[in-house]
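Enquirer: So the sequence lines, in the order shown, correspond to chains A and B. According to the working numbering, the residues represented by the first sequence are 40 to 147, in order. According to the working numbering, the residues represented by the second sequence are 12 to 127, in order.
Treat the hints as calculated values from the structure; they're not laboratory data. Small disclaimer: the values here were computed from a predicted structure and weren't measured. Ideal Cβ positions, reconstructed from N, Cα and C, are used throughout, including at glycine. Please note that the accuracy of each hint is not assured.
[As the list claims (entries may be wrong)] Below, computed lysine-lysine pairings styled on BS3-like, alpha-carbon distance capped at 30 Å:
1) B:66 / B:77
2) A:42 / B:66
3) A:93 / B:113
4) A:42 / B:113
5) A:108 / B:77
6) B:113 / A:91
7) B:75 / B:31
8) A:42 / B:25
9) B:66 / A:108
10) A:42 / B:75
11) A:108 / A:42
12) B:113 / B:77
[As the list claims (entries may be wrong)] Computed Cβ-Cβ distance ranges for the label pairs, DEER-style:
13) A:79 / B:39: 22 to 28 Å
14) A:93 / B:28: 49 to 55 Å
15) B:76 / A:84: 29 to 35 Å
16) B:20 / A:68: 23 to 29 Å
Chain by chain, the residues:
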Amino acid sequence: LAKTTQPISMDSYEGQEVNITCSHNNIATNDYITWYQQFPSQGPRFIIQGYKTKVTNEVASLFIPADRKSSTLSLPRVSLSDTAVYYCLVGEPRQLTFGSGTQLTVLP
Amino acid sequence: GAVVSQHPSWVICKSGTSVKIECRSLDFQATTMFWYRQFPKQSLMLMATSNEGSKATYEQGVEKDKFLINHASLTLSTLTVTSAHPEDSSFYICSALETGGKETQYFGPGTRLLVL
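Just need the whole structure built from these sequences, with the hints factored in.
Expert: As structure tokens, then:
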């Protein structure tokens, strides 16, 4: 049973805000929600991690509703260089399982 | 963020030879590191968990005698692919668990292995 469900792909235009939603109905009490970005032939890059409510850093925001059964990664004003695969992972940080991720393509 | 390096970034070897890949946490100590493998157009698959000073824990289906892992210090883990074959050609990625604040895995840049 997959722990997370996220769209396979999304397209956006430069300068727009992009929201990628991840469903995780079976999230456990000890589970954190972590998002990574991966470019081709590179290792994943940590974007943001949260447990509940809202987390914001210099790169993105993560919105987590009270029931924690989903989360939304928000990327403000994307650029062409944000074209990548974005992974939503749910679990204890030392037990991560990667799903298929979301291929975000930013168009000019 | 925390920095993890890998060496080499790519390697080509002949079938039957062994290849060693190093993973280093540059600005933090990591008692736990992880090794993943990623085939083209696929997601990362965890191979094993490397624990400093003890034996690695391998995922089901990963041959521990073929993929030797050593984690001799708090900043270095090595993966040795023994008697490599063409089907071992893949992208190998390590990560290190940073536990200073919230626990977070930070990933290395990956190593591309091509076995001829």
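Enquirer: For every hint, state whether the structure bears it out.
Expert: Hint check:
no.	hint	result
1	B:66 / B:77	14 Å, holds
2	A:42 / B:66	28 Å, holds
3	A:93 / B:113	16 Å, holds
4	A:42 / B:113	21 Å, holds
5	A:108 / B:77	39 Å, violated
6	B:113 / A:91	14 Å, holds
7	B:75 / B:31	14 Å, holds
8	A:42 / B:25	39 Å, violated
9	B:66 / A:108	36 Å, violated
10	A:42 / B:75	27 Å, holds
11	A:108 / A:42	10 Å, holds
12	B:113 / B:77	33 Å, violated
13	A:79 / B:39: 22 to 28 Å	27 Å, holds
14	A:93 / B:28: 49 to 55 Å	51 Å, holds
15	B:76 / A:84: 29 to 35 Å	33 Å, holds
16	B:20 / A:68: 23 to 29 Å	40 Å, violated
Of the numbered hints stated above, those contradicted by the structure are hints 5, 8, 9, 12, 16, listed in ascending order.
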